[in-house]
Amino acid sequence: MPEMERVSLDDVRRVAELGNLELTAEEESRMRRDLNAILDYVAQLGELDTARVEPMAQVSEVLEGAAERLSVLRDDVPRPCLEREVVMAAAPETDGVFFKVPKVIER
Amino acid sequence: MSAETMNAGTMTAGSIEGIRSAIATGETTATAVTEIFQARIAGEDQRIHAFLSVDRDFALAQAARIDALAAKGEPLPKLAGVPFGIKDVLTLEGFTATAGSKILDGYRPPYTATAVKKLAESGAIFLGKLNCDEFAMGSSNENSAYGPVHNPHDLERVPGGSSGGSAAAVAAGMAVATLGTDTGGSIRQPASFCGVVGVLPTYGRVSRYGLIAFASSLDRIGPFAATVRDAATVLGVMAGHDVMDATSSPLPVPDYTAELDKFAEQGVKGMKLGVPAEYFAEGLDEEVRAAVEGGIEKLRAGGAEIRKISLPHTRYAIPTYYVIATAEASSNLARFDGVRYGLRAPQSDTLAAMYRRTRDLGFGAEVKRRILLGTYVLSHGYYDAYYKKAQQVRRLLTDDFLQAFREVDAIVTPTAPTAAFKIGEKSDDPVAMYLADIYTVTASLAGICGVSVPCGKTRAGLPIGMQILGRHFDEATMFRVGQAVERL
Numbered sequence: 001m002p003e004m005e006r007v008s009l010d011d012v013r014r015v016a017e018l019g020n021l022e023l024t025a026e027e028e029s030r031m032r033r034d035l036n037a038i039l040d041y042v043a044q045l046g047e048l049d050t051a052r053v054e055p056m057a058q059v060s061e062v063l064e065g066a067a068e069r070l071s072v073l074r075d076d077v078p079r080p081c082l083e084r085e086v087v088m089a090a091a092p093e094t095d096g097v098f099f100k101v102p103k104v105i106e107r
Numbered sequence: 001m002s003a004e005t006m007n008a009g010t011m012t013a014g015s016i017e018g019i020r021s022a023i024a025t026g027e028t029t030a031t032a033v034t035e036i037f038q039a040r041i042a043g044e045d046q047r048i049h050a051f052l053s054v055d056r057d058f059a060l061a062q063a064a065r066i067d068a069l070a071a072k073g074e075p076l077p078k079l080a081g082v083p084f085g086i087k088d089v090l091t092l093e094g095f096t097a098t099a100g101s102k103i104l105d106g107y108r109p110p111y112t113a114t115a116v117k118k119l120a121e122s123g124a125i126f127l128g129k130l131n132c133d134e135f136a137m138g139s140s141n142e143n144s145a146y147g148p149v150h151n152p153h154d155l156e157r158v159p160g161g162s163s164g165g166s167a168a169a170v171a172a173g174m175a176v177a178t179l180g181t182d183t184g185g186s187i188r189q190p191a192s193f194c195g196v197v198g199v200l201p202t203y204g205r206v207s208r209y210g211l212i213a214f215a216s217s218l219d220r221i222g223p224f225a226a227t228v229r230d231a232a233t234v235l236g237v238m239a240g241h242d243v244m245d246a247t248s249s250p251l252p253v254p255d256y257t258a259e260l261d262k263f264a265e266q267g268v269k270g271m272k273l274g275v276p277a278e279y280f281a282e283g284l285d286e287e288v289r290a291a292v293e294g295g296i297e298k299l300r301a302g303g304a305e306i307r308k309i310s311l312p313h314t315r316y317a318i319p320t321y322y323v324i325a326t327a328e329a330s331s332n333l334a335r336f337d338g339v340r341y342g343l344r345a346p347q348s349d350t351l352a353a354m355y356r357r358t359r360d361l362g363f364g365a366e367v368k369r370r371i372l373l374g375t376y377v378l379s380h381g382y383y384d385a386y387y388k389k390a391q392q393v394r395r396l397l398t399d400d401f402l403q404a405f406r407e408v409d410a411i412v413t414p415t416a417p418t419a420a421f422k423i424g425e426k427s428d429d430p431v432a433m434y435l436a437d438i439y440t441v442t443a444s445l446a447g448i449c450g451v452s453v454p455c456g457k458t459r460a461g462l463p464i465g466m467q468i469l470g471r472h473f474d475e476a477t478m479f480r481v482g483q484a485v486e487r488l
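Keeping their order, the protein sequence lines are chains B and U.
Okay, so the first sequence: first residue is 1 according to the working numbering, each after it adds one.
Okay, so the second sequence: first residue is 1 according to the working numbering, each after it adds one.
Hints are computed from structural coordinates only; laboratory data are not their basis.
The hints are all genuine.
Taking lysine to any residue and the SDA-like style, the derived pairs with C-alpha atoms no more than 25 Å apart in a straight line are:
hint, chain 1, residue 1, chain 2, residue 2
1, U, Lys388, B, Gly46
2, U, Lys457, U, Gly267
3, U, Lys426, U, Asp360
4, U, Lys298, U, Phe405
5, U, Lys102, U, Ala353
6, B, Lys100, U, Arg340
7, U, Lys388, B, Gln58
8, B, Lys100, U, Ala353
9, U, Lys102, B, Val86
10, U, Lys102, B, Arg13
11, U, Lys272, U, Arg406
12, U, Lys426, B, Glu26
13, B, Lys100, U, Leu351
14, U, Lys422, U, Arg459
15, U, Lys426, B, Ala43
16, B, Lys100, U, Ala345
17, U, Lys457, U, Arg300
18, B, Lys103, U, Ala353
19, B, Lys100, U, Arg108
20, U, Lys72, U, Glu17
21, U, Lys117, B, Val86
22, B, Lys100, B, Val87
Among the chain B residues that face chain U by a calculated CB cut under 8 Å, a handful are:
hint, residue
23, Glu22
24, Met31
25, Met56
26, Ala57
27, Val62
28, Leu63
29, Ala90
Just so it is clear, the structure is predicted and the values come from calculations on it, not from any experiment.
All C-beta atoms in this analysis are idealised placements derived from N, C-alpha and C, irrespective of residue type, glycine included.
So here's chain B without its partners, still in its complex pose:
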């Protein structure tokens, strides 16, 4: 165990809430252990001075002639999409027109 733990149990609970995950107490403590192990390993990125390095989000950024290759947006014209009934056939609960869900606001 490192001297200062990066991720506390409270952090795990906060992140689980943000990620819409419900964890058991057992899962919470295992995830705390695993996240700390992984982030200890990730910490070595701190050895590199990246002050003057542009972040890279997409591969296309580094290709020669990237500008032309990025202009692949299609013409903005309406096209048919999937039929409603085909989509609704896969839904857990539907009235045929809308997806049905439990109530959104508690009163």
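Given chain B, put chain U in place with the hints provided.
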């Protein structure tokens, strides 16, 4: 040719062109070929568990259409009668697509992935959908909610992952070719573990439409086959621009097999091949090292100039990858919420409770771990320290390759630090498991192409793979080296 001689000959050699021409000349039929492979699945797959679903009638109907063409003497498309399996993260209308997850148990997508559709239009036969780590997250296939795949070379060992079913199906002769996906090594590493060829195409070479997303800036679809030539044939069919994926490249697709023919005699003579010191450092198994170094010596004997190169940021690739991939995954997997498709937890009073319970029931431990990690690195106060930092290091890693490719035509390395490990050996230690991808995540981050080609076996008979990395959109050169490795 009778079914029996096909069984022993053409098809075990993994020849797409052989099958097509045997059907065209009437030596066999697509139906007979399909039935042989269906019988193999029935015989072999109880031990291996590569397939999550098979549809006998679907495949036989596809085969009947090819046979009708052949009977009329019409020209047959490129993949006519060739039996394929498709990784279960890709959609194929009429089949379930579980992504190896309980949260998509029974889900039938209403559309077909572009890469899969292109295979169908070229006459491919779809035998079924293939097992994989849940949402393609894993290096051993042990994270499948439907049970692990067993390596055909040793059933107590993993096939690699995440495309373990795709690699094992080809290795066991249950399909001539398969599709897999590779985000950090998920095609190349299982190809290495199972002794088959596995291709990571350049980012943008193949449309991702219909791929259930894990990490969108890294995800790629690619083929597995028994030979470099067959893999090149399949890639040629799948590749190209698609209006449904704005990151797919409009660059023309070369005729990869014609390129291979052009260099059949010459091999690697006159090529400059780079060998990066960082890929032969601590942690590389001695038998793997010996096999790969032996392969490199033979490439030298074949006339290639072997140059020692350095890719200095290699050791930072795994931590960089696990920050970027999990950040993207935490966003992509937000869509699995029990509203539109897949599992919904029963009897929740509120929408928020339904989301949480559905995701708790539906996701396995590794997926939860990655969603938590990804959410953490993107969360307030940590974004710069982790996510932005990783994106900066991603550029440094990419620049390493761009620099190296100024002096070499391709780079050769081991595909994985070891041969296939035992089921259960690493499943309790995420960092140890992540290190199985140490030689593959670099190309994933840089967007370049790569292929794993078998280059020997351990004393225990486990396959060893050599990885060949090529420039962006230079698959042809990578295949040329791969074919030479095959002929060593």
